[in-house]
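Visitor: Full structure from sequences and hints, please.
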Amino acid sequence: EADIYQTPRYLVIGTGKKITLECSQTMGHDKMYWYQQDPGMELHLIHYSYGVNSTEKGDLSSESTVSRIRTEHFPLTLESARPSHTSQYLCASSDLQGQQPDEQYFGPGTRLTVT
Amino acid sequence: GNSVTQMEGPVTLSEEAFLTINCTYTATGYPSLFWYVQYPGEGLQLLLKATKADDKGSNKGFEATYRKETTSFHLEKGSVQVSDSAVYFCALSDLDSSYKLIFGSGTRLLVRP
Chain F
21 EADIYQTPRY LVIGTGKKIT LECSQTMGHD KMYWYQQDPG MELHLIHYSY GVNSTEKGDL
81 SSESTVSRIR TEHFPLTLES ARPSHTSQYL CASSDLQGQQ PDEQYFGPGT RLTVT
Chain D
356 GNSVTQMEGP VTLSEEAFLT INCTYTATGY PSLFWYVQYP GEGLQLLLKA TKADDKGSNK
416 GFEATYRKET TSFHLEKGSV QVSDSAVYFC ALSDLDSSYK LIFGSGTRLL VRP
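Chains F and D, in that order, give the protein sequences.
Going by this note's numbering, 45 is the number at position 25 of the first sequence; the sequence numbering is gapless.
Going by this note's numbering, 367 is the number at position 12 of the second sequence; the sequence numbering is gapless.
Each hint can be trusted.
Lysine to aspartate or glutamate pairs mimicking DMTMM-like chemistry, simulated, CA-CA at most 20 angstroms apart: (1) Lys423(D) with Asp451(D); (2) Lys51(F) with Asp23(F); (3) Lys407(D) with Glu418(D); (4) Lys51(F) with Asp451(D); (5) Lys38(F) with Glu99(F); (6) Lys411(D) with Glu431(D); (7) Lys77(F) with Asp451(D); (8) Lys432(D) with Glu418(D); (9) Lys415(D) with Glu123(F); (10) Lys77(F) with Asp449(D); (11) Lys415(D) with Glu431(D); (12) Lys407(D) with Glu123(F); (13) Lys432(D) with Asp410(D); (14) Lys77(F) with Asp58(F); (15) Lys51(F) with Asp115(F); (16) Lys51(F) with Asp79(F); (17) Lys77(F) with Glu42(F); (18) Lys432(D) with Glu370(D); (19) Lys411(D) with Glu123(F); (20) Lys51(F) with Asp449(D); (21) Lys415(D) with Glu370(D).
The hints are simulated quantities; they were obtained by calculation from the structure and are not laboratory data.
Guide: In structure tokens:
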């Protein structure tokens, strides 16, 4: 059973608001990821981290920012939300096993709607 | 660069029908291959994986065989259930992608009673 949590599950906010999407995992995993999932289901990696104080941008350009101050916590922030940010955001984590590919565990997602 | 191509959906089947969802990949190295499933309103869960050629991954009645000669990893199930209705993602991971997952575009499966 994967222990990765995302809050809130659903969020409706107005344009221009600052928001933070929370993601926490209790598995002690080094690697964490944020994906954006569009209505067509396709997943796009927007941020990832290989450990504390390590963050990298993913394959899809995003106006969001992330931080990794603690191993278990990887929040995503939008300084000024816009309707184009409306999407499903999925957080994931995996273990760093000698650089070998490992299973990613996903949280339940946050569905964000910006009006 | 590395990529994954999977068949477009939706795939609509009757209960107990045979399922195949095609997945092919392009990779310069020797990737590991995965199938993830996303049930409505949830995140993704790993369904099965294979880490080298000719490996067969299996779980919950689903199977997929890593075919290097055809660069394929097709997902199969002999008899689907209504509860299998979900979106299925094929993915790969290898050194060239820094072990990040590269996903296909997803295939929606709808199983009717």
